[in-house]
Amino acid sequence: MKCVVPGLNVKVLARAIHALCRIGDELYVEPEPARLSFRAVSTSKSAYASFTFSESFFSYYNYEQTKSQEEDITCKVSMKSCMAVFRSPSHLYKQVESCQIRLEPDGVKLIFEFHCHHGIIKTHYLPIIECETLEAVYSKDMVPNQLVVQPKLLTFALMNFQANTMELTLVVTPQKMQLRNYAEDENEMKKTVRTELCLEPGEFDHYSISVDTSITFSLREFRALLMFAEAFNLPIGANFEIGGKPVVFVVNNAPIFESNFVFSTLTPLSNNQLNTSQQSDENAQCTSRVMKGTAFKKCDMAHTPSKRKVSPVHAGKSSIDSSVAVPGPSRSHTGLQEHHYQDIIENVNKLLPRFSIQEDCVKENGSAEDAENSAEEDALPGTPPPPPAKRARYIFKRCFQATFNSQMLPGYDEVIAEDSDDESSKRT
Amino acid sequence: MSILSQNADVEDDCLFEAYLDSVKNISVLLKAVNFKDNGICFATDKGLKVTVEDSKCVQASAFIQREVFQHYTLNDEQVVFKVNISVLVECLNIFGGSATALKMCYQGYGFPLTLLLEEGGVITDCSIRTLEAEEILDFNFSAANVLNKIILRSECLKEVFAELDTSSDLIEILLSPDPPYFRITTAGTAGDTKIDIPKNSDMIETFQCTTLATSRYKLSHVKPSSKSLAVSQKVSIRTDDRGLLCFQYMIPADNHTCFIEYCCTPVADIDGEYDE
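From first to last, the protein sequence lines are chains A and B. For the first sequence, full-length UniProt numbering gives the first residue as 1, with consecutive numbering after it. For the second sequence, full-length UniProt numbering gives the first residue as 1, with consecutive numbering after it.
One chain only, chain A, in its complex shape (with noise of 0.2 Å):
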C-alpha cells in the first residue's frame, strides 16, 4: 500500500494520531482498496477508536493486493514510535509538503516520508509488531438515544470540572441534559467537589433523547475526541442507549474522513446514589456510618477501580485474530479480595435503600434516622454487615499467628552453600 498526504490533511493525520496515542498503546493500521484506517483501542479494553480516511483524503493513493495474498495487509506499531514521528505538530504544519505512507505486503517496516521545505526529507520507518486487525462490533445507528452538539459547548462545560475528574456522567431526558463528575460511593462524594452542569436542547445540533438513561465513562479517553474535533471544529455526534452499554462518538468530514470512539459505560449499580443534591443531611449521618464500616477497606476500592466497571466492552466485542480473551475484572483476583469485593457491595447496598426512593425521604422532616429507618423497611434489604469482631480478626491476623522462627522452615540446617568468610560471624 502506498499513499499520500496532501500538506493541509499532514495536520489531520497529526491530530488523529494524537488522539489515538491517548485511547492506547498500539496503533493498528488497516489499508483498504478504497480507504485507509488507524485504530486504537485501550489495554482494559474500555475505549476503542478508529478513524477512517477516505480515498479523497489522500493526493495518491495505491492499494495492491496480489492474488497470493488472501487477507488485507495490516500491521501494528507501537504508539510511541507514532508519537516520536509525529511529535511536534508545529513543525509538522509548517515544514511539511506532503507525507508519503508505504506497507510493503511483508514487509516488517511501516514507512512514513516527509517531504518538507527546501527539498528536505524526511523518513521513519517504524518497525511492525504483528500483523493482525482490530475490530469493535458496536451499533451506532439503532440507538434510541442521539445527539450532535458542537465541541466548544462541551469545552466549555468541561472546563468547570475539576482537572483531576476521571469520570464523567451525562444523565440525559428529553427535556434536558446534566453533566455530572462521577463519584464511586459515599466516601468520595463527600470528599470531592461535585460539580453539575445542565444543558437545554436548544444548545445541541440535534438532541433525540427516546429512552431516560444516564451514562458514565472516562474523561480522559473523551478529552482526546473533543481536543480533535476542537482543532477542526466539527461537531460530535454521541450514540448511546442506556448506562452498561457503550456510548458511540462519532466525529465526521464525510466523505473524506469519518471517527468513531467507543466507550464502555459503568452499570448502574448504584445509580440513585448520584441524586443527592437534596439530601445534605443523610449524607451526614449515612456517611458516619459507612466510615466505620469501611475504613480499612477505602485503600482497597482505591486499588481496585476496575472492579465497578463491571461491563467492560459489553456490546463491543473486539475480537482480535490473536484470540486474546477479554479479562473481566473479577476473574483475576484472589479469594480474599472477593471477600472485600462483597463486604464493598454489601456496605453500598446498604446506602441503596436511603436514596431509592427520594420522595419519601425528602418528605419527612423528622431526624435522619427515622429517615433511614423507614428506607430500609420500604426498600432492598440490606445485607448486615460482618459483625466487628470478625473484622478486628481480620486487621489484626498477624498477631493471633505464631512468631516467625527461621528454624521452623523446612530444610533450614541444610547448607547449600558454605560462608566464604572464613570470619564470618554465625548468626544464630
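By construction, these hints were calculated from the structure, which means they are not laboratory data. Careful, some of the hints might be misleading.
Unchecked claim - Calculated cross-link-like contacts (lysine-lysine; reagent style DSS-like; alpha-carbon spacing at most 25 Å): (1) K94(A) <-> K158(B); (2) K194(B) <-> K56(B); (3) K94(A) <-> K194(B); (4) K94(A) <-> K199(B); (5) K158(B) <-> K80(A).
What the hints assert, rightly or not - Pulled from the structure, derived: some chain A residues nowhere near chain B, Cβ distances all over 12 Å: (6) S59; (7) N62; (8) V77; (9) R87; (10) K109; (11) C116; (12) T123; (13) T133; (14) V148; (15) T165; (16) N252; (17) I256; (18) K397; (19) L409.
Just so it is clear, CB atoms sit at the ideal spot from N, CA and C, and this is done for glycine as well.
Given the structure of chain A, go ahead and fit chain B onto it with the hints provided.
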C-alpha cells in the same frame, strides 16, 4: 563612553586586558560552548579563543576577534588560562541585560581573572579563580585532508537537530557527491529515521563533496552543538579522511562575525558490530 573606559589607567602588570561596550556577543558565544563547566582561554594577537573539551572526543572553540573589542591589550605573545565558563557567563549576565560594559583583566599565572562590569552607573567587581590549564587536543584538522564540505543556512539544520531521536545512541552522517548527497540517520527505540538534504536545496550554499563518506558519532557528543547552531546564521560541515567531523558556525556580532568551531571524533567502527 562607559565609566570603565574612563578609568583607562592600564595596569602594567596585566598580561591581558580587554574592554567591551556590551557583553551581549561574548555572552552568547560563551553560552553556546558551555556544555562543560571549565574552558581554556587563549588570548592571542588575533583575539580571544575559548575552548571547551569533553572526554577527549569533542572540542568546541569560540573565537572572538580582536576587532570586536573596543580595547585589547596583550603584554605577552600568548596568554593561557583555564576558568569556569559557567561562572564567567553568570558574571557577565549579572545585570541581566545586554547593556553591560566589561573590563576583563588577567595578571598572569596564579592570578584570578578579574571582571569589572558596569551598567547604568552601577559597577560590579568579579574575581574568578583560574585553574591549571592542560594541553588541549589538537585535532589537526587541516584543509588538505578535508574530503567533503558543505555550507548551509542554519535554519533548516536547527529543526533537524531539534527533532533528532534522542533515544538513538549514534548518529550517522553521510556526505556524497551522488544521491542522497547529505543524509543524517538515527536508529532509536521507536525506529529508524533518515533525513535527506539534496544538494540542490536552497538551504545549501556550497556543496563540495568528493567521495562518499559515512561516519557514525555518538549522539550525546553531537547534541551540544545545537546550542551553537541555534545562534548561528550559517554552518559549514566538513569531514576528513579519518571521519573527524567539524562544524563551523558563523555568528553575527554587530558589524563583525564571530566563529565557533565544533569538532567531534567518530565512533570507531569495530567490524560487524554496527552493521545494520
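Interface-negative label, I256(A) against chain B, beta-carbon threshold 12 Å: Label holds. Min Cβ-Cβ 28 Å, cutoff 12 Å.
Please verify that the nearest CB of chain B lies beyond 12 Å from N252(A)'s CB. Given a closest Cβ separation of 30 Å, the condition holds.
Given the hinted pair K94(A) and K194(B), is their alpha-carbon gap at most 25 Å? The given pair, whose Cα atoms are some 19 Å apart, holds under the 25 Å limit.
Can the restraint linking K158(B) and K80(A) be considered satisfied, given a maximum Cα separation of 25 Å? holds (23 Å)
If we take the beta carbon of L409(A), is the closest beta carbon in chain B still more than 12 Å away? holds (44 Å)
Measuring Cβ to Cβ, find out whether R87(A) lies farther than 12 Å from everything in chain B. violated (7 Å)
For K109(A), is the shortest beta carbon distance to chain B beyond 12 Å? violated (7 Å)
Confirm or reject the statement that N62(A) sits farther than 12 Å, beta carbon to beta carbon, from all of chain B. holds (22 Å)
Over 12 Å from every CB of chain B: does T123(A) meet that, or does the non-interface label fail? violated (5 Å)
Starting from K94(A), check that the Cα of K199(B) is at most 25 Å away, please. Judged against 25 Å, a Cα distance of about 22 Å means the pair holds.
Is it the case that V77(A) keeps its Cβ farther than 12 Å from each residue Cβ in chain B? Violated: least Cβ distance 8 Å, not greater than 12 Å.
Minimum Cβ distance from K397(A) to chain B greater than 12 Å, as the annotation requires: Check passes; 46 Å lies beyond 12 Å.
The structure fails to meet hints 2, 8, 9, 10, 11 and 12 from the earlier list, while all remaining hints are met.
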